[in-house]
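Asker: Sequence:
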Amino acid sequence: MFRVLTIAGSDSGGGAGIEADIKTISALGGYACTSITAVTAQNTLGVAGVHALPAAFVRLSIETVLADIGADAIKLGMLTNEEIIRAVAACLPAGVPLVLDPVMVATSGAVLLPDAAIAALREQLLARAAVVTPNLPEAAKLTGLPVGTQGEQIAAGRALLAMGAKAALIKGGHASGDMLTDYLITPEAVEAISLPRLHTRNTHGTGCTLASAIATGLAQGMDLPAAVHRARNYLQQAIATAPGFGAGHGPVNHFFGM
529 MFRVLTIAGS DSGGGAGIEA DIKTISALGG YACTSITAVT AQNTLGVAGV HALPAAFVRL
589 SIETVLADIG ADAIKLGMLT NEEIIRAVAA CLPAGVPLVL DPVMVATSGA VLLPDAAIAA
649 LREQLLARAA VVTPNLPEAA KLTGLPVGTQ GEQIAAGRAL LAMGAKAALI KGGHASGDML
709 TDYLITPEAV EAISLPRLHT RNTHGTGCTL ASAIATGLAQ GMDLPAAVHR ARNYLQQAIA
769 TAPGFGAGHG PVNHFFGM
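Take the sequence shown: its letter number 207 is residue 735 in the numbering used here, and every next letter is one higher.
Treat each hint with caution, since some may be false.
Unchecked claim - The calculated EDC-like cross-link candidates involving lysine to aspartate or glutamate, where the alpha carbons are at most 16 Å apart (straight line), are:
id, residue 1, residue 2
1, Lys669, Asp706
2, Lys694, Asp751
3, Lys669, Glu651
4, Lys694, Asp706
5, Lys669, Asp643
6, Lys694, Glu651
7, Lys694, Glu716
Note that these hints are calculated values from the structure, not bench results.
With the hints as constraints, model all of the structure from the sequences given.
Answerer: Take a look at the structure:
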């Protein structure tokens with residue numbers, strides 16, 4: 529059983545963040561460890577409050593897990609503020625693949641990362657990432673580039689590589705059309721990954737789920753394209769079988785195969 533450390537915020541509604549990460553990692557056969565950056569009060573309708581943990585404690589939790597249990601891959605989600613980002617960057621181990629999900633805005637529209645923290649993320653974490661997995665608004669925010677067309681989305685991915693990321697997965701969920709296309713950009717190639725768009729309100733935690741699934745694949749020794757394809761297919765099934773909880777953006781079904 530391979531070890532995945534997820535560093536992210538906790539979702540009291542259970543659909544995103546640490547809770548989604550643990551479910552995803554477990555469903556795909558990994559062992560989940562956690563470092564919680566913030567606790568939230570939220571449900572499918574939105575985020576009512578965010579309480580950040582002290583940056584020093586976040587670092588202590590990471591160092592404590594790594595000193596004993598270790599990690600075969602690390603997933604970064606909501607990092608809350610600049611202090612936490614710098615604390616995380618200071619204790620990430622070398623040689624462990626890192627999946628960076630640059631969580632900036634919740635599905636509900638709530639802003640989760642201030643501008644100073646976004647700048648710190650660019651400076652401190654992009655160059656450490658085996659892959660960065662922004663949605664279209666996040667890709668635009670990170671690069672300052674438009675992302676309205678296929679060519680612009682690929683250009684934004686290449687800009688993220690120029691900023692230090694080893695690869696970028698530009699997610700197309702915010703685009704339109706009956707097919708949803710993500711672009712996996714590496715120094716060697718650009719691959720379009722297309723699946724039918726599922727027209728549903730049950731999309732809470734999809735970014736967290738996808739990034740954790742990729743991290744689990746990397747921990748298990750998959751190469752990046754294989755990890756991304758398995759993660760994308762897993763997420764498709766999780767959305768398709770969502771339980772329909774809540775009146776807003778509902779959670780997906782992480783354990784659809786069980």
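Asker: The structure should be examined with respect to each hint, and the outcome stated for every one.
Answerer: Structure-based check of each hint:
| no. | hint | in the structure |
| --- | --- | --- |
| 1 | Lys669 - Asp706 | 25 Å, violated |
| 2 | Lys694 - Asp751 | 13 Å, holds |
| 3 | Lys669 - Glu651 | 14 Å, holds |
| 4 | Lys694 - Asp706 | 30 Å, violated |
| 5 | Lys669 - Asp643 | 9 Å, holds |
| 6 | Lys694 - Glu651 | 14 Å, holds |
| 7 | Lys694 - Glu716 | 11 Å, holds |
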